[in-house]
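Trainee: Add chains A and D to chain X, keeping to what the hints say.
Chains as they are written, first to last, in the numbering used here: chain X, 1 to 267; chain A, 1001 to 1287; chain D, 2001 to 2251.
Simulated from the structure, these hints should not be mistaken for lab results.
Just so it is clear, the structure is predicted and the values come from calculations on it, not from any experiment.
Think of the CB as a built atom: it goes at the ideal place given N, C-alpha and C, for glycine as much as any other residue.
Treat the hints loosely; a few may be bogus.
[Stated by the list, open to error] With a cut-off of at most 30 Å between alpha-carbon atoms, the simulated DSSO-like pairs for lysine-lysine come out as follows: (1) Lys1025(A) x Lys264(X); (2) Lys2108(D) x Lys1023(A); (3) Lys109(X) x Lys2071(D); (4) Lys2210(D) x Lys2186(D); (5) Lys2189(D) x Lys2076(D); (6) Lys109(X) x Lys2015(D); (7) Lys2053(D) x Lys2013(D); (8) Lys2053(D) x Lys2005(D); (9) Lys1023(A) x Lys139(X); (10) Lys109(X) x Lys2072(D); (11) Lys1066(A) x Lys139(X).
[Said to hold, decoys possible] DEER-style ranges, computed between Cβ atoms: (12) Phe110(X) x Met1069(A): 56 to 66 Å; (13) Gly1094(A) x Lys109(X): 29 to 39 Å; (14) Val92(X) x Gln2182(D): 42 to 52 Å; (15) Ser64(X) x Glu1274(A): 43 to 53 Å; (16) Asn260(X) x Trp1127(A): 15 to 25 Å.
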Amino acid sequence: MKQPKVTAASYLGKKRLVQSGVLALIAGIYAIGCYILQFDTIQGTLSIPKAFAWLAINFMPTQSSMSYLPQIMEKLFDTVLMSIASVVVAAVIAIFFAILGSKVTGINKFMQVLVRGIASFFRNIPLVAWAMILLFSFKQSNFTGFLALLLMTIGFLIRAFMEIIEDEAGEAMMALKATGASYFQVIFQAVIPQIIPSLISWILYMIENNVRDATLVGILTGTGIGFIFDIYYKSFRFDAAGMTVLSIIVVVIGLETLSNQIRKVIL
Amino acid sequence: MISNEGTKPIVSKPSFQKDPQQKIKLHKTTASTWMIQAVTISLILITFYTLTHLNTENVKMADAFKGLMMTFNQMFLQPNAGADGFWVLLEALGVSVLLGILTTIIGAVLGFFFAVIASRNLTNAYWGAGIRALMAVVRAIPTILWALIFSIAVGLGPTAAILGLSFHSVAYLTKAYSESIEEIDPAIIDALKVTGCKFWTIVFQAVWPTIIPSLVSWTFIRLEINFANAVAVGAAAGAGGIGYQLFVTSGLSFDFHEVGYIVYMVIIVTLILEFIAVKLRQHYLGK
Amino acid sequence: MLEVKNLAKSYQKDKPALTDISFKIDPGNFVAIIGPSGAGKTTILRSLNQLIKDDAGEILLDGEDIRSANKKELRKLRRQIGMIFQNYNLVERLTVLENVLHGRLGYKSTLAGVIGRYTEEEKREALDLLDKVGLSEFALQRCSELSGGQKQRVGIARALIQHPKVILCDEPIASLDPASAQNVMKLLKELTEEFNIICIANLHQIDLAKEHADQIIGIRHGQMIFNDTADKLSKDAIAELYGTSAAKELA
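If we strip away everything but chain X, and leave its shape as in the complex, we get (with noise of 0.2 Å):
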């Protein structure tokens, strides 16, 4: 050992110093924030109670707003299928790029790269941007929406898809080609066989997912769920709104549980 032992003194002093420094960072970004933003947090969290006992006598579903539940149900009916049809087919042309361009399964270098910028350049595109563009293209319609979801999901996926590749089938793909194992049959017989559980895990995750950014899609759009809640939020029937929230919660989370029950049997 060429270097001076640091004595557990300094050691610790050193390590408080660094954690001190970081948290009093933390807090000053966090002060400069709420100044610039004109955000009061004592303000802020004083009114959060206040809204929700506003929220508790204006949003809370009366006998009369079952009546919007039909409606509701329909829209929420849409958007799930949209969800699901964007999700799959995204998955479907993810999977393709993914083993494309994984570190493991890769054509070339050029390829890895490509699929990357590629992946990356779709999912940090705003989903409001998708969501405008393809509005002034497709005009109001369901296709818009899902075309929304669809680019998004894509982008996502192909990460997802490509560091479950790298991540589990690595090694039995080596073992296959060493077998003599041509490229299409050691992605059929060792990778696509490894990775079909985390493969579901991940669509369904996504589906719960695309539920809840359809209602933002929608609303920007004027489609399914989203424009539903927008219509009864900016007309003021509130009761109806709220309706709209609680139908979306038990659909989440139904869906949440769901998947969870699928992937203890799958994984």
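Mentor: Just chains A and D now, with coordinates in the frame of chain X:
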């Protein structure tokens, strides 16, 4: 067990007499394979049904795609700062970034405390179950709805945006952190428990240092999400920031050159956030 | 016969991983490659079936040069060379039988391999081989349910069904407990003689190498400094390979 079977005939002489009629099965159907098949088939059927029944409002697809290509061309190949100019857009971008950072800090601080209370290996089951159920409900409501709900309850503006974004942020990080806490080796906690440490001493001396890497990693993932949400909330709830600019230029003034400019600005920020996240993860994994 | 002449490889310029490796192995011989970590054992082994592309030299399997083979020829040569890995490298979600049959992929048309269609003859042979390695009752179990030693024996069956001339074993027992390690080594030794094949294993354990191997190759810093029968591996030779302190402990 192996050596005493050495005399049996092997590779070169496969025994063809073995039940020649019956085909040899390669696998038996397990619950897992059955479930995978069932899920795959149902998803494909649902997708097929949805796509064939999709309402396209009679938009002519060929024309629409042509129009889309033109829009892309304007956006990505001819971006410019448009009527607002660079500085206005930069300021708006700054607001969105700050919204993302503030709500992440709020999410991290509250999320950590809730996570400690909700973790099965630290506290009693009732508290944990209660908090987990509450957080599941909070997470189930889309961020944009939280923001809209608060904008009527406390009035339109940054306060509504921050509160709305924070709800989701706290709920998400509570779940992520508590999963990290529950993965801690119980021996680490027991070692401090037997010395008679108080609850919060254990948390800050054993739990906190052990999970710092995953804590940092999850927090930065959430920062990326919060920034994206800040953009979305700005657009759909009129809460300001770059999202609002994006909404106005793409939905009201249809200046797609500027839309492209804004999109590039947003992509640069997300790439920087991603870069920081990757570097931090490497830093902590390297230790 | 496997003949390696003047094999060389460097991953970075001016930092040779292997220099001038030459050896000959006759069928029926079990050869252990020993040496400290990072000496180049894995590089040698993976060059032999070209999972790693080396820089110079010749690798002749019964007179055919593996290094100059094109893609198609290489696939044909690879099916004559089985490989066994430290982490078994099985497709854990598939059954034992399916994993063994993967050894036949090199002999099949791409389509038949892709959809996993095997002849009854192949299946029977796979079952016979599983019998041989003591796993016939596990044929329809998923590999993820097996123990380490069992998984490695699936790997051995997968290599054997290739009808190989050579089996390469990359640290075959490094992840196993001592009893399973002994079992796997014994099995490899027996199969080598029985099928009259060449078996080459990278090993960390000198005692196991001396116990089971016919021939030992010692590598240090990418150079071959020992190549002789196992009984010739003296204390001095071990000291030269690993340094003196290690030799005291191991010999």
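Trainee: Could you work out which of the previously given hints the structure breaks and list their numbers from low to high?
Mentor: Result: hints 9, 12 break, sorted rising.
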